[in-house]
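Chemist: Below, each chain spelled out in residue letters.
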Amino acid sequence: MNPEQILFILFGAVSLIGAIAVISFRHPIYSALALIITFFAQAGLFVLLGAHFVAAVQVIVYAGAIMVLFLFVIMLLNLGTLSAKGAIAGKLKGFAIILGILFAAEGIYIAVNALNDTAVASAQPATESVTTTTYDIGELLFTKYLLPFEVTSLILLAALIGVIVLVKRDSQEEN
Amino acid sequence: MGNMPLLVLILSSIVKIVIIVHLLLIGVMAMIWSERRVSGWMQDRLGPNRVGPQGLLQPIADGLKFLFKEDLIPDHVDKPLYVLAPAMLLVPALITVAVVPFGNAITLFGYEIPLQIADINIGILYVLAITSLGVYGVVLGAWASNNKYSLLGGLRSSAQMISYELTLGLAIIGVLMLTSSLSLRTIAVEQGAYPWQWNFLIHFPAFLAFTTAMYAETNRLPFDLAEAEQELVAGYHTEYSSMKFAMFFMAEYMNMIVGSAVTVTLFLGGWHFFGLENVGGPVWSGLISFGIFFVKTAIFLFVFIWVRWTLPRFRYDQLMNFGWKFLLPVALTSIVVTGTLWIMTGSRLVVGIGNVVAAFIVVSIVAGLLVMNKAPEPAIQDSDRQITPSALDAIE
Numbered sequence: 001m002n003p004e005q006i007l008f009i010l011f012g013a014v015s016l017i018g019a020i021a022v023i024s025f026r027h028p029i030y031s032a033l034a035l036i037i038t039f040f041a042q043a044g045l046f047v048l049l050g051a052h053f054v055a056a057v058q059v060i061v062y063a064g065a066i067m068v069l070f071l072f073v074i075m076l077l078n079l080g081t082l083s084a085k086g087a088i089a090g091k092l093k094g095f096a097i098i099l100g101i102l103f104a105a106e107g108i109y110i111a112v113n114a115l116n117d118t119a120v121a122s123a124q125p126a127t128e129s130v131t132t133t134t135y136d137i138g139e140l141l142f143t144k145y146l147l148p149f150e151v152t153s154l155i156l157l158a159a160l161i162g163v164i165v166l167v168k169r170d171s172q173e174e175n
Numbered sequence: 001m002g003n004m005p006l007l008v009l010i011l012s013s014i015v016k017i018v019i020i021v022h023l024l025l026i027g028v029m030a031m032i033w034s035e036r037r038v039s040g041w042m043q044d045r046l047g048p049n050r051v052g053p054q055g056l057l058q059p060i061a062d063g064l065k066f067l068f069k070e071d072l073i074p075d076h077v078d079k080p081l082y083v084l085a086p087a088m089l090l091v092p093a094l095i096t097v098a099v100v101p102f103g104n105a106i107t108l109f110g111y112e113i114p115l116q117i118a119d120i121n122i123g124i125l126y127v128l129a130i131t132s133l134g135v136y137g138v139v140l141g142a143w144a145s146n147n148k149y150s151l152l153g154g155l156r157s158s159a160q161m162i163s164y165e166l167t168l169g170l171a172i173i174g175v176l177m178l179t180s181s182l183s184l185r186t187i188a189v190e191q192g193a194y195p196w197q198w199n200f201l202i203h204f205p206a207f208l209a210f211t212t213a214m215y216a217e218t219n220r221l222p223f224d225l226a227e228a229e230q231e232l233v234a235g236y237h238t239e240y241s242s243m244k245f246a247m248f249f250m251a252e253y254m255n256m257i258v259g260s261a262v263t264v265t266l267f268l269g270g271w272h273f274f275g276l277e278n279v280g281g282p283v284w285s286g287l288i289s290f291g292i293f294f295v296k297t298a299i300f301l302f303v304f305i306w307v308r309w310t311l312p313r314f315r316y317d318q319l320m321n322f323g324w325k326f327l328l329p330v331a332l333t334s335i336v337v338t339g340t341l342w343i344m345t346g347s348r349l350v351v352g353i354g355n356v357v358a359a360f361i362v363v364s365i366v367a368g369l370l371v372m373n374k375a376p377e378p379a380i381q382d383s384d385r386q387i388t389p390s391a392l393d394a395i396e
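These protein sequence lines are chains A and B, in that order. According to the numbering used here, the residues represented by the first sequence are 1 to 175, in order. According to the numbering used here, the residues represented by the second sequence are 1 to 396, in order.
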């Protein structure tokens, strides 16, 4: 095994353990922390794929910003430890089973393909020398993917204005 | 580094890591000593001068005291997170330094060794990513302490860090546009040998915004609301004692040192100083460049202490208003102006002047809007202010 494979197994295992821990912990704060660990392991996987920029952005946006807000909300709402059988679990049981079956089918499909070494398995970037630089990403964003990029920025702008409108209305009602 | 044998690469990296981590730790001790002595000097008193010559061994005495104190874990805390939190603050502070170039290259035994632990092509993004993790230590320590003062301090601190992180990230985009690289070494190399070629003149408003945001990120005065003694005892580390408290303390100083080093790299020309870094042979020039970087960082750290004893603490709403209504617009303007003028003229001089003018206009507009839209002060009624006899009766 070369070092990259060892690192891949390490990051993959940490990512999986973190993901399982998210739904296993009884306390929401610990779940959030486990999710952060998963994000970190995924950033490591991105680095192994040569996507350094994506790895850094993953940590900045998800681990650094979004999860801090998550923790904030959990702390401010002071959610206690969840009981053994939460009220939500019963309502969403059917939905969870359907999603679980779909996910399992997907996993089995990929595993079978990987064992038979067909197209799906070999579609992953096998060349190790490919490094996606920030320059490449920038160029692609402003040429090939210009429309999706601009649409995304419009959606974000709409969300931004939405937040301001919601907050403004509340403070006016108080007065 | 491509032609360097693997063994040399590994050995030189280990040596560099050991030296830099120890320099950081010694730097923390030096900062603690100089903070106390300099504050004594600024307040016309002596400061600690008993332990060793000029009190130089005071930090060691402090460290020993922390080590020998009882490691107290209160009963009401969430134990795993309470123990983990100081480490979660200290580790990001330590590993940020990995991408900071602390000098030019040095040639030893025929190998050219760059004075930097790792020159990765997304260097500045790495710094931003890792520093954004420091907030977890504060938040989790505060929450795990199960104490209202700790929690309030932690919430204040995290809100402040999230707000100022935006400015921190946006202020450097102008620098990145003109350098067209994210690598900290390239950014340092691109700046010339003379002070008027350095980035702080080209991006002066962004430099001020970045420095201010960094003071807020490191929880230093005038932004140290997270540990405002009069209101919150000691803020997020109220429940911490002995070495765990010392770790919070060390992380704060380490963040200051690393922050100063990053600022010197981004805006103050890195290891350049009037070509002095090229004097001497391949060994001496490397050491001199490191010395220049060291002195620049030390001067910047002195300013940290200077500011602490000069400016009073902000009120919380002032802090948020300042961050969102002044610093953020200034940082955004600097991006627009730098990009536009650079494409139009390609002259650093024009970009530099344009940045200052634009920032001045934006600050004037924001200040004008704030003054015009200011809500009238609610009239304080006498009954709120005075304790009337009937109110006293009610209390009794």
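Simulated from the structure, these hints should not be mistaken for lab results. Bear in mind the structure is a predicted one, so any value in this text is a computation, not a measurement. Hints are not guaranteed to be accurate.
Taking CB as the label site, the calculated pair distances span [as the list claims (entries may be wrong)]:
id	chain 1	residue 1	chain 2	residue 2	range
1	B	Val-350	A	Arg-169	42 to 48 Å
2	A	Ala-111	B	Val-350	58 to 64 Å
3	A	Arg-169	B	Leu-25	32 to 38 Å
4	B	Val-303	A	Ile-137	35 to 41 Å
5	A	Ile-66	B	Val-303	31 to 37 Å
Straight-line distance between alpha carbons at most 30 Å, and here's what the computed DSSO-like set of lysine-lysine pairs gives [stated by the list, open to error]:
id	chain 1	residue 1	chain 2	residue 2
6	A	Lys-168	B	Lys-69
7	B	Lys-79	B	Lys-69
8	B	Lys-69	B	Lys-148
9	B	Lys-374	A	Lys-168
10	B	Lys-16	B	Lys-148
11	B	Lys-65	B	Lys-79
Backbone N, C-alpha and C define an ideal beta-carbon position, used for all residues, glycine too.
Chemist: All hints are to be evaluated individually against the structure, with a verdict given for each.
Modeler: Status of each hint after checking the structure:
1. For B:Val-350 paired with A:Arg-169, a C-beta distance near 44 Å keeps the hint of 42 to 48 Å intact.
2. Checked against the given bound of 58 to 64 Å, the beta carbons of A:Ala-111 and B:Val-350, roughly 60 Å apart, stay inside it.
3. Between A:Arg-169 and B:Leu-25, the C-beta spacing of about 52 Å breaks the proposed range 32 to 38 Å.
4. Distance hint check: the CB atoms of B:Val-303 and A:Ile-137 are about 37 Å apart, consistent with the given range 35 to 41 Å.
5. Taken as a hint, the range 31 to 37 Å holds for the pair A:Ile-66 and B:Val-303, whose Cβ atoms sit roughly 34 Å apart.
6. Annotation: proposed proximity of A:Lys-168 to B:Lys-69 is violated, straight-line Cα distance about 51 Å (limit 30 Å).
7. For the hint pairing B:Lys-79 with B:Lys-69, the CA-to-CA distance comes to about 19 Å; that is within 30 Å, so the pair holds.
8. For the hint linking B:Lys-69 to B:Lys-148, the alpha-carbon distance of about 25 Å falls within 30 Å, and the restraint holds.
9. A distance of roughly 16 Å separates the Cα atoms of B:Lys-374 and A:Lys-168; the hinted pair therefore holds under the 30 Å criterion.
10. For the given pair, B:Lys-16 sits about 43 Å from B:Lys-148 by alpha-carbon distance, which is inconsistent with the 30 Å threshold.
11. Distance restraint check for B:Lys-65 and B:Lys-79: the Cα-Cα separation of roughly 24 Å lies within the 30 Å cut-off, and the hinted pair is therefore satisfied.
Hints 3, 6 and 10, counting from the list given before, are not met by this structure.
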